[in-house]
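Protein chains in written order, with the UniProt record's numbering: chain H, 1 to 336; chain D, 1 to 274.
Calculated from the structure, these hints are not laboratory results. Keep in mind that the hints are not guaranteed to be accurate.
Selected chain H positions facing chain D (Cβ under 10 Å, derived; list incomplete) [as the list claims (entries may be wrong)]:
id, residue
1, S50
2, Q158
3, A195
4, E196
5, I198
6, I225
7, E244
8, M265
9, P279
10, P280
11, E300
The C-beta atom is built at its ideal place from N, Cα and C for all residues, glycine as well.
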Amino acid sequence: MTTTTPPTPPAHTLDIQGLRITLPGTARPVLDGVDLTVSTGETVALVGESGSGKSLTSRSALRLLPPGAVVEGTVRVGGEDVLAMNAAQLRTVRASAAAMVFQDPRASVNPLRRIRDFLTESATLTGAMSRADATVRATELLQAVGLDAAVLRKYPGQVSGGMLQRVVIAAALMGDPALLLADEPTTALDVTSQAEVIALLAGLRARFGTGLLFVTHDLDLAAAISDRVYVMYAGRIAESGPAEALFERPRHPYTAALLASTPRMDGPRGRLAAIDGQPPDLRQELHGCAFAARCPLATEVCDQQVPLPVAAPDRPGHLAACHHSDRLEGSTVDAR
Amino acid sequence: MPDNGPGPRETVLEVTGLRRSYGAVRAVDDVSFVLPEGGSLGIVGESGSGKTTTARIIVGLERADGGKVLVAGRNRTARGEGRGRVRRLARAREVQMVFQDPYLSLDPRTGVEAALRETLRLHFPGRDHARRTRELLDQVGLGTRAADALPRQLSGGQRQRVAIARALAVEPSVLVLDEAVAALDVSVQAQILNLLADIREQTGIAYLFITHDLGVVRCVTDEIVVMRHGRIVEAGATPEVLAAPRHPYTRLLLESVPRPGWDPEAIAAARRAL
Numbered sequence: 001m002t003t004t005t006p007p008t009p010p011a012h013t014l015d016i017q018g019l020r021i022t023l024p025g026t027a028r029p030v031l032d033g034v035d036l037t038v039s040t041g042e043t044v045a046l047v048g049e050s051g052s053g054k055s056l057t058s059r060s061a062l063r064l065l066p067p068g069a070v071v072e073g074t075v076r077v078g079g080e081d082v083l084a085m086n087a088a089q090l091r092t093v094r095a096s097a098a099a100m101v102f103q104d105p106r107a108s109v110n111p112l113r114r115i116r117d118f119l120t121e122s123a124t125l126t127g128a129m130s131r132a133d134a135t136v137r138a139t140e141l142l143q144a145v146g147l148d149a150a151v152l153r154k155y156p157g158q159v160s161g162g163m164l165q166r167v168v169i170a171a172a173l174m175g176d177p178a179l180l181l182a183d184e185p186t187t188a189l190d191v192t193s194q195a196e197v198i199a200l201l202a203g204l205r206a207r208f209g210t211g212l213l214f215v216t217h218d219l220d221l222a223a224a225i226s227d228r229v230y231v232m233y234a235g236r237i238a239e240s241g242p243a244e245a246l247f248e249r250p251r252h253p254y255t256a257a258l259l260a261s262t263p264r265m266d267g268p269r270g271r272l273a274a275i276d277g278q279p280p281d282l283r284q285e286l287h288g289c290a291f292a293a294r295c296p297l298a299t300e301v302c303d304q305q306v307p308l309p310v311a312a313p314d315r316p317g318h319l320a321a322c323h324h325s326d327r328l329e330g331s332t333v334d335a336r
Numbered sequence: 001m002p003d004n005g006p007g008p009r010e011t012v013l014e015v016t017g018l019r020r021s022y023g024a025v026r027a028v029d030d031v032s033f034v035l036p037e038g039g040s041l042g043i044v045g046e047s048g049s050g051k052t053t054t055a056r057i058i059v060g061l062e063r064a065d066g067g068k069v070l071v072a073g074r075n076r077t078a079r080g081e082g083r084g085r086v087r088r089l090a091r092a093r094e095v096q097m098v099f100q101d102p103y104l105s106l107d108p109r110t111g112v113e114a115a116l117r118e119t120l121r122l123h124f125p126g127r128d129h130a131r132r133t134r135e136l137l138d139q140v141g142l143g144t145r146a147a148d149a150l151p152r153q154l155s156g157g158q159r160q161r162v163a164i165a166r167a168l169a170v171e172p173s174v175l176v177l178d179e180a181v182a183a184l185d186v187s188v189q190a191q192i193l194n195l196l197a198d199i200r201e202q203t204g205i206a207y208l209f210i211t212h213d214l215g216v217v218r219c220v221t222d223e224i225v226v227m228r229h230g231r232i233v234e235a236g237a238t239p240e241v242l243a244a245p246r247h248p249y250t251r252l253l254l255e256s257v258p259r260p261g262w263d264p265e266a267i268a269a270a271r272r273a274l
C-alpha cells in the first residue's frame, strides 16, 4: 500500500478482500475471491453447506490455515493485514484483537484442567495480566455469560454442554476482542440452550460493541440473528446483503433453493424442494458458475463465464453473483 | 391426519409403560405410545429427555427395567425371548435402525454392494441377492457406480442412503431413525426426507423418527410425542400439537425455533422459569 493519508480508525473490524486459498492437490482454489466485511458492533452471518469454505474464511481472520495453503488477497483485522504479520504480531491479534468460539466446547478445553486455568491461561501467558487480575476478570465474564464463580473450581466434565459453551465464550472475551468469530457455536446444543447462547452473544455485542462473524449452516438462525448475511457456495460468495432482503427476495438461485429445501414451521408440509446433485468436487475445475450444474435457471453463459457480484437495482448493499438474478427475482415474486 | 386407505390401520408397534433407570436417573419413565402400520411417529425432546434410550430399547440395543414393546403383537422385551440366533434375526427383521452419523455406521473396508449382500445372506439365505441388491440401490437412488464404492468414497448423503438401503434389505415393518438427517446439509437432508416419504408410500413401512428438529418432525410425521426428563409431556397429531401446544415445555420448544423477530432473551427466561 502506498497511501499517505493519516491513520484513521478502521471502519471494519474485519475486512477480507479478494481472498484466494489454494491447497495442494486440488484443481481449483478452496476459496476463490472472497470479499467480506464486519463492522464494529455488527453481526454478520456466513452461511453455507459443508465444504463451501465458510469455516476456512472465518479461520483466515486468525491466519489459521491448512498446511501447504497458498494465499492471495488481504485479511485485515482492526486495519492490520494478518497475512503479512510476523509471529509476534500474529500472537497479539490472536490473544486480544480477535477471538474464536468453535462448535464443540468439549474439544476446546483440556478436561484435566480446572475451568479457572482455562479462562486465565492465555491472559497470564502473554503477560497481559497477573493471575489474580485474570481471575477477577474471569469472574466478571462468567457473570456476564450467566454463570456463577463456583464454576471456576470445576472441571469441564462437571458442567453441561451449554454451560461449557458459555465458558468458552467467556474465555474468548478475556482479551477484550473487537471481533468474535463463532463457528457453528450452537450446533451441538439443544434448541433451548441455543437460544440462551444467542441471547448472550447479542447482549455482549450491545455491551462491548463486539463485531460478530457467525458461521452457520442454519438459514433460519442466520435470518433471526444477523444484520447482514453472506451465502457461500464452492468457495465463492454467491450472495450477500441485509438479512431481511436476502431471505425475502433472494437474488441467487442457490439461496432460493436452500430456502426452499429447509423444512420449516410455516411452510407447506410434505415434500421438500430438494436441490438435485451435489456441490462440485475440489478435484473438478470450474470454468463458469459453480452452481450451474444444479441450477434450474442455468444457460450456456453460466458454464463459460464466472458471474461477478452485481447489486440489486434498488438495493446497493444486496449483491448476487448470478447471470440471471433478474429472472430469479421475477419468478420468486410470482410464486408467492 | 387423514387415514391412509379404508378402515382403521393395524397397530404395528405398541409400547406400554416402558421404564429404564441408570442409578438414580430415570432415563425412561412410563412411556407408552402406538404406531400404526405405515404410520410415522416423531419423538422430540432435548438431550437427556430419554428419546434415544426409548429408541434403543425398542430396537433391542438396551434392556428395559419394565414395560412392554410389542411388534405386530409379539413381545420383544420378555426375558428368555431374546436368546439364540434365530430369535435375534427374527427380531432384527421386525425393527431396523438408522443412526445419526453416516460416517460411523458403515464398515470402512466393506464396499456398498458387499455390505448389502452380507445382510441379505444373513437373513435370506438362498435367494437371488444380486437382483435384490440392485433393487435396493435403485430404491434409495444410488447408481451402479456407488455400488462398487467404499464408504470413504461416498458423501454423507450417499452413505445415509446406503444405511437406509441396508435397513430396508431385511424388509422390517418398523424403521427407527435416530437423528438420521441431523448431520446432513440442508439440500441433502431434503433429498433424504423426500426419499423416506417415497419409501413409506411404496412399502407401507412405519417410521419412528427420533429428532430434536421440529421442522423435520412437521415435515415427515403424522403423530408426535414430546419427551422431557424421561416422561411424555404431550402427544397427539403433529399438525395439532405444533399449531396449538398445550404443555409449556412444548411451547418453549416451539418458541426456540429461530425465526425473524425471534426473542432469544425471552426464551432463555422462559427456560429458566420452567
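Hints and how they fare:
no., hint, in the structure
1, S50, "holds (6 Å)"
2, Q158, "violated (16 Å)"
3, A195, "holds (4 Å)"
4, E196, "holds (4 Å)"
5, I198, "holds (4 Å)"
6, I225, "holds (7 Å)"
7, E244, "holds (7 Å)"
8, M265, "holds (6 Å)"
9, P279, "holds (8 Å)"
10, P280, "violated (12 Å)"
11, E300, "violated (24 Å)"
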